[in-house]
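*Asks:* Now for the letters of each chain:
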Amino acid sequence: MTAHNASDLPRISDRLAKNALRNVSERIIEAILFAAAAVSVLTTIGIVYVLVSESIHFFAQVSIVDFLTDTQWTPLFDDAHFGIMVLVSGTLVSSFVALAVAIPMGTIIAIYLSEFANPKVREIAKPVLELLGGIPTIVFGYFALLIVTPVLQKIFPELPGFSLLSAGLVMGIMIVPYVASLSEDAMRAVPMSLREGAFAMGSTRLYTALHVVVPAAFSGLAASYILGISRAVGETMILAVAAGMQPNLTWNPMEPAATITSYIVQVALGDLPHGSIGYQTIFAAGLTLLLITLCFNILGQWLRRKFRENY
Amino acid sequence: MQPLTTEQIRAVIARGKAKDAIFQAVGILCLAIGLLVIFLLVGDMVIRGAARLNLDFFTQFASRRAAQAGILSAWVGSLLVMLVTACAAVPLGVAAGLYLEEYAKRNLVTEIIEINITNLAAVPSIVYGLLALGIFVYAFGFGQSILTAGLTLALLILPIVIVATREAIRAIPGMIREGSMAVGATRWQTCRYHIIPYAMPGILTGVIIGLARAIGETAPIITIGALTFIAFLPPLPFTETTEGSAGLFEWLMSPFTVMPIQIFNWTSRPDPAFEVNAAAAGFVLMAMVLTMNGLAIWLRYRMRKNIKW
Amino acid sequence: MQIHDKPALKAEARSFNFFYGEVQALKNINMPIYDKKVTALIGPSGCGKSTYLRSFNRMHDLYPGNRYEGEIRFHPDNTNLLSPEVDPIEVRMRVGMVFQKPNPFPKTIYENVAYGLRVRGERNKRVLDDKVEHALKGAAIWGEVKDRLQDLAPNLSGGQQQRLCIARALATDPELLLFDEPTSALDPIATGAIEELVHELKKRVTILIVTHNMQQAARVSDYTAYMYLGEMIEFGKTDEIFIKPQDKRTEDYITGRHG
Numbered sequence: 000m001t002a003h004n005a006s007d008l009p010r011i012s013d014r015l016a017k018n019a020l021r022n023v024s025e026r027i028i029e030a031i032l033f034a035a036a037a038v039s040v041l042t043t044i045g046i047v048y049v050l051v052s053e054s055i056h057f058f059a060q061v062s063i064v065d066f067l068t069d070t071q072w073t074p075l076f077d078d079a080h081f082g083i084m085v086l087v088s089g090t091l092v093s094s095f096v097a098l099a100v101a102i103p104m105g106t107i108i109a110i111y112l113s114e115f116a117n118p119k120v121r122e123i124a125k126p127v128l129e130l131l132g133g134i135p136t137i138v139f140g141y142f143a144l145l146i147v148t149p150v151l152q153k154i155f156p157e158l159p160g161f162s163l164l165s166a167g168l169v170m171g172i173m174i175v176p177y178v179a180s181l182s183e184d185a186m187r188a189v190p191m192s193l194r195e196g197a198f199a200m201g202s203t204r205l206y207t208a209l210h211v212v213v214p215a216a217f218s219g220l221a222a223s224y225i226l227g228i229s230r231a232v233g234e235t236m237i238l239a240v241a242a243g244m245q246p247n248l249t250w251n252p253m254e255p256a257a258t259i260t261s262y263i264v265q266v267a268l269g270d271l272p273h274g275s276i277g278y279q280t281i282f283a284a285g286l287t288l289l290l291i292t293l294c295f296n297i298l299g300q301w302l303r304r305k306f307r308e309n310y
Numbered sequence: 000m001q002p003l004t005t006e007q008i009r010a011v012i013a014r015g016k017a018k019d020a021i022f023q024a025v026g027i028l029c030l031a032i033g034l035l036v037i038f039l040l041v042g043d044m045v046i047r048g049a050a051r052l053n054l055d056f057f058t059q060f061a062s063r064r065a066a067q068a069g070i071l072s073a074w075v076g077s078l079l080v081m082l083v084t085a086c087a088a089v090p091l092g093v094a095a096g097l098y099l100e101e102y103a104k105r106n107l108v109t110e111i112i113e114i115n116i117t118n119l120a121a122v123p124s125i126v127y128g129l130l131a132l133g134i135f136v137y138a139f140g141f142g143q144s145i146l147t148a149g150l151t152l153a154l155l156i157l158p159i160v161i162v163a164t165r166e167a168i169r170a171i172p173g174m175i176r177e178g179s180m181a182v183g184a185t186r187w188q189t190c191r192y193h194i195i196p197y198a199m200p201g202i203l204t205g206v207i208i209g210l211a212r213a214i215g216e217t218a219p220i221i222t223i224g225a226l227t228f229i230a231f232l233p234p235l236p237f238t239e240t241t242e243g244s245a246g247l248f249e250w251l252m253s254p255f256t257v258m259p260i261q262i263f264n265w266t267s268r269p270d271p272a273f274e275v276n277a278a279a280a281g282f283v284l285m286a287m288v289l290t291m292n293g294l295a296i297w298l299r300y301r302m303r304k305n306i307k308w
Numbered sequence: 000m001q002i003h004d005k006p007a008l009k010a011e012a013r014s015f016n017f018f019y020g021e022v023q024a025l026k027n028i029n030m031p032i033y034d035k036k037v038t039a040l041i042g043p044s045g046c047g048k049s050t051y052l053r054s055f056n057r058m059h060d061l062y063p064g065n066r067y068e069g070e071i072r073f074h075p076d077n078t079n080l081l082s083p084e085v086d087p088i089e090v091r092m093r094v095g096m097v098f099q100k101p102n103p104f105p106k107t108i109y110e111n112v113a114y115g116l117r118v119r120g121e122r123n124k125r126v127l128d129d130k131v132e133h134a135l136k137g138a139a140i141w142g143e144v145k146d147r148l149q150d151l152a153p154n155l156s157g158g159q160q161q162r163l164c165i166a167r168a169l170a171t172d173p174e175l176l177l178f179d180e181p182t183s184a185l186d187p188i189a190t191g192a193i194e195e196l197v198h199e200l201k202k203r204v205t206i207l208i209v210t211h212n213m214q215q216a217a218r219v220s221d222y223t224a225y226m227y228l229g230e231m232i233e234f235g236k237t238d239e240i241f242i243k244p245q246d247k248r249t250e251d252y253i254t255g256r257h258g
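Chains as they are written, first to last, in numbering that gives the first Met the number 0: chain A, 0 to 310; chain B, 0 to 308; chain C, 0 to 258.
Misleading hints may appear alongside valid ones.
To be verified - Among the chain C residues that face chain B by a calculated CB cut under 7 Å, a handful are:
no. : residue
1   : Val85
2   : Asp86
3   : Met92
4   : Arg119
5   : Gly120
No lab work stands behind these hints, which were simulated from the structure alone.
Note that CB positions come from ideal geometry on N, CA and C, so glycine has one too.
Work out the full structure, taking the sequences as your base and the hints as a guide.
*Replies:* Below you can see the structure in the form of structure tokens.
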């Protein structure tokens with residue numbers, strides 16, 4: 000038996016050095032990955048920074064009271080008015096029309112797919128709905144302007160070529176897949192034992208769906224509605240194409256009107272110098288939009304916590 | 000109170016079943032409306048745009064004369080912007096998803112990142128346009144370039160890629176990690192050789208869905224001020240331009256247009272001749288988006304069939 | 000004396016077979032269920048006792064691919080519960096069921112108990128109040144919940160939830176009550192309460208109970224059926240089955256040599 004030549008084996012210190020090196024590279028990799036995750040936080044900070052800093056310049060020239068109470072929005076005229084309610088009204092009316100379509104339709108489709116349809120129909124219908132949700136909004140805008148508006152004009156002859164109604168209806172169709180898909184997920188997560196309990200009492204499918212499954216999935220349904228609202232409030236191109244872009248303080252969906260989003264598009268289409276008041280208005284409008292969607296998100300999270308699934 | 004007689008019970012059941020049937024009919028009707036919209040859209044665009052749907056349409060630049068206008072600069076622009084978006088969003092999204100699933104400790108910072116990603120997904124796309132206008136266009140001085148557009152859309156789809164990555168990673172059972180760690184692999188080696196490859200189909204699905212969303216986005220790109228008349232292509236690397244030889248990355252800083260912008264431009268013109276172009280371009284864009292989404296759905300379907308842990 | 004000893008029939012399975020798709024889960028079951036008695040179904044896991052129980056209210060109709068063969072006759076009207084002409088909903092209105100895990104609906108305690116009445120179209124508030132109180136008393140939970148009828152049912156403890164589910168089933172005066180291992184998710188004290196309740200209930204309603212706990216079967220039931228691999232091995236009075244089983248397999252199971 001011969002002794003190994005000691006120099007053939009790696010010395011302890013060598014191995015430790017290798018370990019140390021490996022630890023360092025693991026640390027570096029972790030730091031890189033963390034940096035990537037932090038980009039999302041930076042994005043949020045960037046959004047808030049840009050909107051707030053430009054809005055500060057804006058509010059240095061326009062008082063917040065005027066901004067909230069003025070009934071005209073004419074930022075580019077010599078007699079400039081900055082009443083955001085004009086744009087908010089367009090946003091709210093079009094969103095209301097959209098949700099009046101999307102929430103009932105989406106919920107009905109979700110109940111149908113989750114409680115009535117056989118699995119094969121569901122396997123096909125869900126991806127097709129997702130395709131509908133994936134259609135670019137500019138194409139929906141085209142659809143609203145060139146197909147839906149002429150049809151609506153046959154029903155309401157006085158309807159103008161641009162209207163909140165037409166844009167809102169198409170927006171509603173666009174949002175249906177989001178509401179349907181999320182609601183269906185929530186209802187399918189309701190345990191089968193609850194349904195069996197209801198069926199064992201002699202309920203029909205619809206009765207079970209409405210009185211047991213829907214209440215049990217309520218927080219998920221609420222979340223899907225909130226997402227639908229966010230989509231409607233933030234939707235841009237359908238409105239820019241089909242609702243007209245003139246500011247109009249109205250609560251009538253039959254009229255054309257600008258929304259917060261379509262106003263931003265309109266300004267961006269022009270050639271406003273960086274730093275002018277007109278340029279700053281779009282950031283003030285964007286901040287308003289972000290705050291509105293934020294409110295709905297907070298409401299959604301609150302609803303979710305309050306009605307956490309207790310099955 | 001008397002218990003119900005058999006007849007009464009049968010009447011109650013009959014009423015309930017009638018309601019079931021009515022609801023079922025309404026449900027099918029609602030689904031059919033969704034389907035009908037897709038058919039109407041595609042059908043209308045094909046019929047209206049048929050006259051322009053030929054090879055010339057793809058090889059000609061935009062023009063003031065509707066019959067000669069094409070989408071060359073638009074589809075090239077869309078592809079280049081998507082290239083930038085993918086190059087930025089995929090590594091960032093996968094790395095972020097990997098960090099959150101495999102590295103992050105349960106602490107405040109992680110929670111902030113997670114809440115933040117959820118909220119970003121609900122931010123309207125036009126707000127990303129404002130972000131890009133303030134940061135990329137002016138603060139960084141990228142101007143109305145392909146780079147600005149690509150990065151903007153990358154930020155927009157980042158939450159989609161991160162969520163898809165996390166879901167794909169979460170579907171990998173813990174024993175795979177333990178198996179790898181047990182033979183002495185480091186955390187990164189486990190990720191590099193096991194987690195990322197196994198999660199790849201799921202990540203790919205998310206990336207495709209994200210890109211399909213990005214390629215149809217119009218609002219943020221208009222917001223950065225990119226609605227201009229573009230009748231040229233970005234410079235190829237190492238070619239001669241009026242300003243001298245183009246470098247490898249010169250095209251990144253080039254002005255551009257993309258498909259949805261071109262459609263918006265054509266729909267907003269008063270001359271109805273341009274509606275034909277809008278329809279034809281809309282059909283091309285729809286075909287791109289539906290193909291990408293279809294691919295993603297197919298991938299997901301295959302994945303569900305093949306993977307059995 | 001022998002004749003007086005035999006109680007009336009409530010239901011009877013006759014050459015009953017059941018299939019999950021191609022797989023036969025129950026084989027040629029013949030068995031009587033006596034009126035106002037407790038009948039226990041025992042046997043090792045997977046022997047088909049729950050499958051059998053769930054045939055009595057046609058729960059298998061909820062899922063595609065299931066098939067019944069043979070009959071379950073229901074008395075006094077001698078209806079075949081399994082007949083395709085018989086509406087499963089009608090069957091379920093006559094036969095109540097209590098599940099393995101308590102499954103109260105995400106509604107108030109009151110609405111849970113009133114559920115079956117509302118399904119039957121009852122809207123009269125006084126009738127509902129009356130029936131709810133009566134059912135809760137019948138399920139021995141009235142005292143605990145009478146001051147909180149508007150609380151959400153899922154906030155009750157497990158044992159209370161299960162008694163609430165029993166009240167829910169009782170509110171509609173079922174002719175037959177099915178219990179599918181009703182205590183397997185409960186602690187011993189709650190289990191005791193449920194067993195006592197079953198004993199009390201048989202004055203009003205016929206009971207069929209699945210249990211994997213032989214002591215429980217011995218404690219609560221008048222009749223016991225031992226099932227094994229989808230077959231009915233032995234049926235008889237509980238005392239007789241437990242004291243001198245006729246079949247070797249029953250004996251092995253009861254003495255703990257199996258399962």
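*Asks:* Compare the structure with each hint and give your call.
*Replies:* A quick look at each hint next to the structure:
no. : hint   : in the structure
1   : Val85  : violated (11 Å)
2   : Asp86  : holds (6 Å)
3   : Met92  : holds (6 Å)
4   : Arg119 : holds (6 Å)
5   : Gly120 : holds (5 Å)
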